[in-house]
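J.: Chain by chain, the residues run as shown.
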Amino acid sequence: MAIVFEKTEGLTGKPFHYCPGCTHGIAHRLIAESMVEMGILGTTVGVASVGCSYNSYEYFNCDMVQAAHGRAPAVATGIKRTLKDKTVFTYQGDGDLASIGCAEIVHAAARGEKICVFFINNAVYGMTSGQMAPTTLLGQVTTTSPFGRDASYQGYPINVAELLSNLTGAAYVERVCMTDFKNINNAKKAIKKAFKVQQAGLGFAFVEFLSTCPTNWGKAPLDAMDWLKEKMIPQYPLGCFKGEDITVQALDEMIAAKAAGEEVKA
Amino acid sequence: MAQKRLLMKGNEVIAEAAIRAGCRNYFGYPITPQTEVMHYMAKKMVQIGGNFVQAESELAAINMVYGAASAGFRAMTSSSSPGISLKQEGISYIAGAELPAVVVNIVRAGPGLGGILPAQGDYFQATKGGGHGDYRNIVIAPASVQELYELTVEAFNLADKYRNLVMILGDGTLGQMMEPVAFRDEEPIVTYEKPWATNGRGYNDDGSYKREHNTITSIYIDPDVLEVKNNELQAKYELIRQNEVRYEAIGLEDAEIVITAFSTCSRISRNVIRQAAELGIKVGMIRPITLWPFPTQAIADAAAMPNVKAFLDVELNAGQMIEDVKLAVNGAKPVYFHGRLGGNLPTQKEILDKIVAIHEGGKV
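Quick note, the sequences are listed as chains A and B, same order.
Read the first sequence against my numbering and you will find it ends at 607, with the numbers running on by one and no gaps.
Read the second sequence against my numbering and you will find it ends at 408, with the numbers running on by one and no gaps.
Since the hints were made in silico from the structure, they are not lab data.
It is possible that some hints are incorrect.
Unchecked claim - Here are the simulated PhoX-like pairs of lysine-lysine, each with C-alpha atoms no more than 25 Å apart in a straight line:
#, chain 1, residue 1, chain 2, residue 2
1, B, Lys326, A, Lys533
2, B, Lys254, A, Lys425
3, A, Lys425, B, Lys87
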């Protein structure tokens, strides 16, 4: 019998602790599959963060480092600077990256660190039970904005992809979602492009994944998907904010030239 | 061995020693009075193909160290007191993840922004924890520029040997002073295998992976697992206590008064010992070189000697190491204290006056 679908060896097989309907699992699988398909699982080091994804270091089947809250881009900098020929990525949520880790993410991008950052934006702090995040929408009810986020009181959501795309060191910035087959395919393309941007040595690569949090949004999984499409996408439009003109073919040529150059040098 | 002596500043010697110890990864953030470490690294690391990153904050710098150490490389950062406070988060994580790293603290007077002049007010922070959780850093207190060189090289060996953070605790005096230093032709670098490093699983020729995935972490949600992890850490710390205590003892055999002092205070006290001898007072000194592990037994042994009548602890703080001295003396003899604050240094006369007063009947 032909195998039409199987587990990816990019994941360890340890059961996820994520809630039903949460899209962390899809993002994990897409990143893991991409590493395997690109043949880089053995040459990649990932950095997990603090929040729901703290345990991702046990799920990804590449070498993984668990970082302090918000500091993953700094940890990844230390890894990439010492392992220049390896692929390095961080996997961070919105509390981690857009709140406590704001300095680290902005400066990693500004330095043009040759790392990939996979950013899960679900508009709340998930792990600590649904507090307001920097990404929480105006009017959104959370455990720390129980009357809805009020701009005059709690300020405005941060659009991280747009913010980082203004930095020269950021080579590639894209926002995706995982609500349906088409968008899941687009997300995977973005992941692979981000890895290739790093391999080509172009600079900092950033993919923001709009994600669901049915538990803390108080919604059934499918309703959460609808809420993401209806409420989140108007605030966080999908698309490529930096590096749209860089084609995969051009990246492949750059990577090949780089590999050839290194061989000549050796 | 040809030993050319060079006149160098303490901070620059720390940087040179780290490079000689094989450290090729420096991550820092400017702060007085340690910035020359960073200046030296900024130039030298680029020249020798190492990594120098001026981080956006002390937090980022210590986490870059965490990353480089995870990958299996010798890595360091340096700062001064307020910056070291910021690094405590990362220092705790490094302890939890058992990563080898070297952190230099050229202490200035606190609390808060304090001042930029030398102090030893970070003794508690350095030796008792500083960050959260049950952990220990190996803390080394050099007393000269020559020792800054030799002990910084040693710090990298110790860090790798025990997978532990080693802190070099200096102060503004030591960092800023220029003294002759004799560099060795070859450094006693000990190389340790790091099979735990997260540097990529690697591929065999047939495309299979060389090993399972490695993970570096400090989180253990299961309390039983975390307790086992903590017990392993404590066993390691006990081993360090047994193996790595270093101190210098001077003139204990006939000393009536024993000074306890580290680093800069030991330098000042050394002269006081001679001056006291001219007055007919026999003074000895125990100078801890490792502040953790602390030379508790050496001090306890001195306290048990019949000739030793009293201790005088001299520090650039309000009395921090004296707590460890008193625990070691354990009431056997009186322990007196002389300290200066705010970035001021005690004069030899101040210390000598104290010794005379103790000698005349403990009226101090």
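J.: State for each hint whether it applies.
T.: Now for the hints, and whether the structure bears them out:
1. Lys326/B / Lys533/A: violated, 75 Å
2. Lys254/B / Lys425/A: Satisfied, since the Cα-Cα distance of roughly 20 Å is no more than 25 Å.
3. Lys425/A / Lys87/B: holds, 20 Å
Violated hint for the displayed structure: number 1, the only one.
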